[in-house]
Amino acid sequence: MNDTNPMLEMRGVGKWYGDFCALYDVNLKLQRAERMVICGPSGSGKSTVIRCVNRLEEHQAGQILLDGVELTEDTRNIERVRREVGMVFQHFNLFPHLSILDNLTLGPIRNLKMPKKEARELALHYLERVRIAEQAGKYPGEMSGGQQQRVAIARALCMKPKLMLFDEPTSALDPEMISGVLDVMVELAGDGMTMICVTHEMGFAREVADTMVFMDRGEIVEVGPPSEFFNNPTSDRARLFLSQILSHH
Amino acid sequence: MTDRRPPPARKKARFTPFDFLMFGILIAGMIYIVYRVDQVLVYHWEWHTVFEYVVRRDETGALVPNVLLTGLMSTLRLAFWGTIAAAIIGLVTGLCRTSSNLFLRSVARLYVELIRNIPPLVFIFVFYFFISGQIMPALGIDEFVRSASPESAAVVELLFSPIGLFSNFLAGVICLSLFEGAYISEIVRAGIQSIEKGQWEAARAIGLSRFNVLRDVILPQAIRKILPPLAGQFITLVKDSAIVSLISIQELTYVATEVAATTTRVFETWIIVGFLYFAVCYSLALLFGRLEKKMQTGRR
Ligand SMILES: Nc1ncnc2c1ncn2[C@@H]1O[C@H](COP(=O)(O)OP(=O)(O)O)[C@@H](O)[C@H]1O
Ligand SMILES: [Mg+2]
Chain E
60 MNDTNPMLEM RGVGKWYGDF CALYDVNLKL QRAERMVICG PSGSGKSTVI RCVNRLEEHQ
120 AGQILLDGVE LTEDTRNIER VRREVGMVFQ HFNLFPHLSI LDNLTLGPIR NLKMPKKEAR
180 ELALHYLERV RIAEQAGKYP GEMSGGQQQR VAIARALCMK PKLMLFDEPT SALDPEMISG
240 VLDVMVELAG DGMTMICVTH EMGFAREVAD TMVFMDRGEI VEVGPPSEFF NNPTSDRARL
300 FLSQILSHH
Chain P
866 MTDRRPPPAR KKARFTPFDF LMFGILIAGM IYIVYRVDQV LVYHWEWHTV FEYVVRRDET
926 GALVPNVLLT GLMSTLRLAF WGTIAAAIIG LVTGLCRTSS NLFLRSVARL YVELIRNIPP
986 LVFIFVFYFF ISGQIMPALG IDEFVRSASP ESAAVVELLF SPIGLFSNFL AGVICLSLFE
1046 GAYISEIVRA GIQSIEKGQW EAARAIGLSR FNVLRDVILP QAIRKILPPL AGQFITLVKD
1106 SAIVSLISIQ ELTYVATEVA ATTTRVFETW IIVGFLYFAV CYSLALLFGR LEKKMQTGRR
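Just so you know, the protein sequences line up as chains E and P, in that order. 217 is the number that this note's numbering gives to position 158 of the first sequence; each next residue is one higher, with no gaps. 1068 is the number that this note's numbering gives to position 203 of the second sequence; each next residue is one higher, with no gaps.
Next up, chain E with everything else stripped away, as it sits in the complex (with noise of 0.2 Å):
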């Protein structure tokens, strides 16, 4: 664990749900605050890839090393990746039954073992970057996609992770409330939060992005800088996922 470690890296890495091979010799490399962008066709392992990551999945062949340890099944090492990583889902899936603030203050209070008051604190300090401190005492239901989105990305935020995985947040978003999520992103960015973002957003991707990652098939096709990948594809499949993708654009 020390900063010569890549912030993450991947080996070889392989999944598969029966015999159904989701994930194929993928590697990867992460550097700190460094900002990834992954895209792909549906299907192609993108999803399956950050959830590796997180241990939301188990991987079955390779390893992956976060900060330079590897993870394994061990409990407490399963704690710690996911004190470390934040994730971001497509769906939000906030706690409805919990107020904004309690569903950013529940990680900080169970797995950091943090003072209520002080984890509250905390949490009204990401509402407020999230810019959505006046909302506090509502509850998931009663706020917009965008809203909610952005609020899942501050309860991600409390647990002060070194990685966020971001699994297309804003494809189930109405058009009019994606940008509000991307600005909070962008600014994340900037404040030099390491990061890997599955998304079909081509233009945050050549904001953002320091590294594109093209997937198709449960392999990883290209690994470049977006200057290359968008101008110069060197694949046949990436072209034709491009000239879908940003045909509609």
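Don't read these hints as lab results, they were simulated from the structure. Each hint should be verified, as a subset may be incorrect.
Negatives, chain E to chain P, calculated, CB over 12 Å [as the list claims (entries may be wrong)]:
1) G77
2) Y83
3) A92
4) G121
5) T134
6) P155
7) D161
8) L183
9) H184
10) A211
11) D242
12) G262
13) A264
14) P292
15) L299
Result set (DSSO-like, lysine-lysine): computed pairs, CA atoms no more than 30 Å apart in a straight line [as the list claims (entries may be wrong)]:
16) P:K1090 <-> E:K197
17) E:K175 <-> P:K877
18) E:K197 <-> P:K1104
For every residue, glycine included, the Cβ atom is placed at its ideal position computed from N, Cα and C.
Given chain E, put chain P with the ligands in place with the hints provided.
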């Protein structure tokens, strides 16, 4: 559309002529039954005979509860402890059924399937003779209770049953709760499984342990969903408590059998007993209904 006013409200629900016809037939049917009993069977109603078994006057002329009311109290005590025990059994086995541990899952499944596929009577007979014949003596429950001080004996009698019948009462509570627990287990399992996967994932992603995920995220949501079927099951438990009359626990149905036999006023006895059960169960239903409303309006 040029008008922004709401469309006229739909007509309120009303009885149609057909409904009135059905009411008429129902009432005619009831009158016929009363007629049969009264005129053809020449049954002489003697309500006061049975009422004396509900409340009677003692030597000083004061009204005191008689056996039917004390039987009702036994039923309530039985149902109260049975509900608590069944809720615990149902919660634990319901959680086991959603566990990732195959052993826990199989054991809980076996328990639920066994009970749901045996008639209650058979279950009670088999189990009662095992519990009261083997387990209670082995634990020395009766000696323990008999050795209690007079003060604690009074508390036991208030909360449970007469001292001499304590182990019998306990066996009844265990039988009843084991039986109803299987159904509650199913309700709990269904409730937990109805919470979407995303809630588990989000809770695990902020580092909650499995225990905390269940306690803080899944169960609070599941309880809200399962409250109606759970309430129904608790009311069923009150009614099902009648089956332990077969193992000589002196609750309402047991006492009623005796009263009907001694007075030979069969109709009156069972109509009164039916009314007592109805009063208890319907009050519970109203209570649960209010609780449900309260939980819904509190937050969504
Ligand atoms: N729990 C699962 N069981 C079986 N197959 C799954 C499961 N989760 C994902 N898959 C399959 O794995 C593949 C990759 O899924 P995913 O990573 O979600 O793709 P993406 O996020 O790129 O759309 C898909 O074909 C999907 O059907
Ligand atoms: Mg996906």
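Verification of the hints:
| no. | hint | result |
| --- | --- | --- |
| 1 | G77 | holds, 18 Å |
| 2 | Y83 | holds, 24 Å |
| 3 | A92 | holds, 22 Å |
| 4 | G121 | holds, 22 Å |
| 5 | T134 | violated, 8 Å |
| 6 | P155 | violated, 7 Å |
| 7 | D161 | violated, 9 Å |
| 8 | L183 | holds, 17 Å |
| 9 | H184 | holds, 17 Å |
| 10 | A211 | violated, 8 Å |
| 11 | D242 | holds, 23 Å |
| 12 | G262 | holds, 27 Å |
| 13 | A264 | holds, 23 Å |
| 14 | P292 | holds, 32 Å |
| 15 | L299 | holds, 31 Å |
| 16 | P:K1090 <-> E:K197 | holds, 21 Å |
| 17 | E:K175 <-> P:K877 | violated, 51 Å |
| 18 | E:K197 <-> P:K1104 | violated, 42 Å |
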